[in-house]
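Enquirer: On the provided structure of chain A, position chain B as indicated by the hints.
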Amino acid sequence: MVKLEVRKVSKSFEGKKVLQDISLELRRGELVSLLGVSGGGKTTLFNVISGLLKPDEGAVFLDGEDITGRPGRISYMLQKDLMLPYRTIEDNVALPLLLKGVKKKEARLQVSSMFPQFGLDGTEKQYPAQLSGGMRQRAALLRTYMFSRELALLDEPFSALDTLTKSAMHKWYPGVMEKIQLSTLFITHDIDEAILLSDRIYLLSGVPGRINGEIIIKEPKPRREDFNLTPEFLEYKREILSLL
Amino acid sequence: MPKRNIPSLAAIALLLLTWQFVCMSGLIPSYMLPSPVDVLRAFVDELPLLWENSLITLQEAFIGLALGVGVGFLAAVLMDSFEILYKAFYPLLIITQTIPSVAIAPLLVLWFGYEMTPKIVLIVISTFFPVTVGLLDGFRSADRDAIGLLRSMGADRLRIFRYIKFPTALPQLFSGLRIAAAYSVVGAVISEWLGGFGGLGVYMTRVKKAFAFDKMFAVIFLISAISLALMALVELAEKKCMPYRYLDKK
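Top line first, the protein sequences correspond to chains A and B. In case it helps, the working numbering puts the first sequence at residues 1 to 244. In case it helps, the working numbering puts the second sequence at residues 1 to 250.
Worth flagging that the hints you see were computed from the coordinates, not collected in a lab. Hints should not be assumed to be uniformly reliable.
[Said to hold, decoys possible] Cut-off 35 Å, straight-line C-alpha distance, at most; resulting in silico cross-link-like pairs (DSBU-like, lysine-lysine): (1) B:240 to A:125; (2) B:87 to A:17; (3) A:100 to B:239; (4) A:103 to A:3.
Given the structure is predicted, the values throughout are model-derived calculations rather than measurements.
The following block holds chain A by itself, in its conformation from the complex (with noise of 0.2 Å):
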C-alpha cells in the first residue's frame, strides 16, 4: 500500500531549476532512501514533501489524499537535532502534540509511554544540554513520530554524529521502526548509509536534480551483522557509483 507519492514535481528558484519531473513512491513500513550529492536539490525536494515549499509542478499525496503546499502533515527532521534548548526532553517531545491541541499533562504522559522504545528513559526532565548526540537524535525521532505516527521524513539524520555513535544508531533504528510501524523516507549522501538501511534507494543526481535510477536492496532484514563487508554489498556500491 502506498503511503506517500510524489509525483512528477519540479521546482525552480529565480529562474534556476532545482528539481525536474521527481516521481517517486514510500509504501507502508518501507525505508526509501534518497540518494544524492549535497547540495542536489534533496532539501528541496523535502521541504515540498513537508509542504513547506510548494512546487511548480507536480504534487504530493499522503495516503491518497492530496497534502501540496500545506504543512502540518508530515514532519521532518534534520541533521540539527532542533531540540529547543529551553525546554525538557519530555516537553521537546510533547510539543507536536501541544501544537494539535492536546493538555500539557495528557501529553507529557502520552509522551512517557514511549520513551522506554527509544531508550530515553530517565531523560524525561533533562534538558538538551545534558543530553549526548545520539540520544539528542533518539529524542527528536521521537518528536518526530509524535507528530505523524506513520511517516518518518529524515534529513540527514545521523551525519552529525560520531562514527561509532552513527554506527550504533544504524543498528537501532530499522528496530524501532518495526516495532512502532513506521515508514522512512530518507535522505542522504551517505552511499554505505543507504544501503545498509534502506529497502529501496532513489538515486538524485543532476542539475537539476532528477531521479537516475533505483535500486533494490534485496539483502532480507534484519540485515546480517557484517552485511557492510559482504560482496552483495560491495555491488550494490559499485552499482551506484557508475549511476551517481
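Expert: Coordinates of chain B only, in the frame set by chain A:
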C-alpha cells in the same frame, strides 16, 4: 560567601580604609569630605527620614519600570511582527536614547507638574529602550530551522512566538531588564531633583543646600544599594525562569 567575591570585597574595604585614614589625618577638612564613619553615623541618624523618602522613590521606580517593560515589550513585538514598523521606528528609537534624561526632565515637570506623573514618564522613557532592543535582538536570533520545523507541524505565528521566539529572547530580555532596573532608580532620583514633594532626590537637594555632606554621602550609598538590590532581584528571577542556563555541568 563565594570565593570569587573576595578580591572585589577586599578592594572595597581597602578603599574605605584609605578614605577613613585620609579623613583622620586632617588632610581634607571634615566639612568637605566626611569620613566613612561619619557617613554611617549620618545614615543611622537619618534612617526614619531616608526610609520614608525611599518608599516614595521606590514606588515611582516600580510603577515606571513596570510600565516601561510593558511598553518595551509591546514595541518589540510590533516591530518584530511588521518589518515596516521596524524600519520606520528603529532609528527613531536610537535617536531618543541620545537625548540625556536630565535635559527632558524639566520639560516633563512643566508639562505634568510636581506630582508623580513626570517622574513615571521619565522612567518609562529610559527603561523601555533596553527592554525593546534586547527583545528585538532575541526575536531575531531565533533559529530559522526550528521555526520551519514548528511550521511543518502546523504552528501559527502566535505559537511560533510562544514556543520559539519568546523563550529564545529570554536571556536578552533579562539583560535588558537588569539595565532597566538600574535606570529606573536613577531616573526617579533625577526627576525628583527637578521638583517634587518627596523622595530620595528631593532629600538630596535639601541636604545639599544645607551643606550636610555626610547625609549626602549616606543617601548616595543608599541609592546605589537600592539599585544593586533591584538588579539582584532581576537576577533571581532570571535563575528561576531559565533553570536550563544554570545546569550543573556533568
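Enquirer: Residue 87 of chain B and residue 17 of chain A were given as a pair; does the straight-line alpha-carbon distance stay at or below 35 Å?
Expert: At roughly 33 Å apart (the allowed maximum being 35 Å), residue 17 of chain A and residue 87 of chain B satisfy the hint.
Enquirer: Sort out whether residue 125 of chain A lies within 35 Å of residue 240 of chain B, counting only the CA atoms.
Expert: Between residue 240 of chain B and residue 125 of chain A the Cα gap is close to 16 Å, so the pair holds against 35 Å.
Enquirer: With the threshold set at 35 Å, check whether the alpha-carbon distance from residue 103 of chain A to residue 3 of chain A stays at or below it.
Expert: holds (29 Å)
Enquirer: Within a Cα-Cα threshold of 35 Å, do residue 100 of chain A and residue 239 of chain B meet the stated pairing?
Expert: Satisfied, since the Cα-Cα distance of roughly 30 Å is no more than 35 Å.
In the structure shown, no violation is registered for any of the earlier numbered hints.
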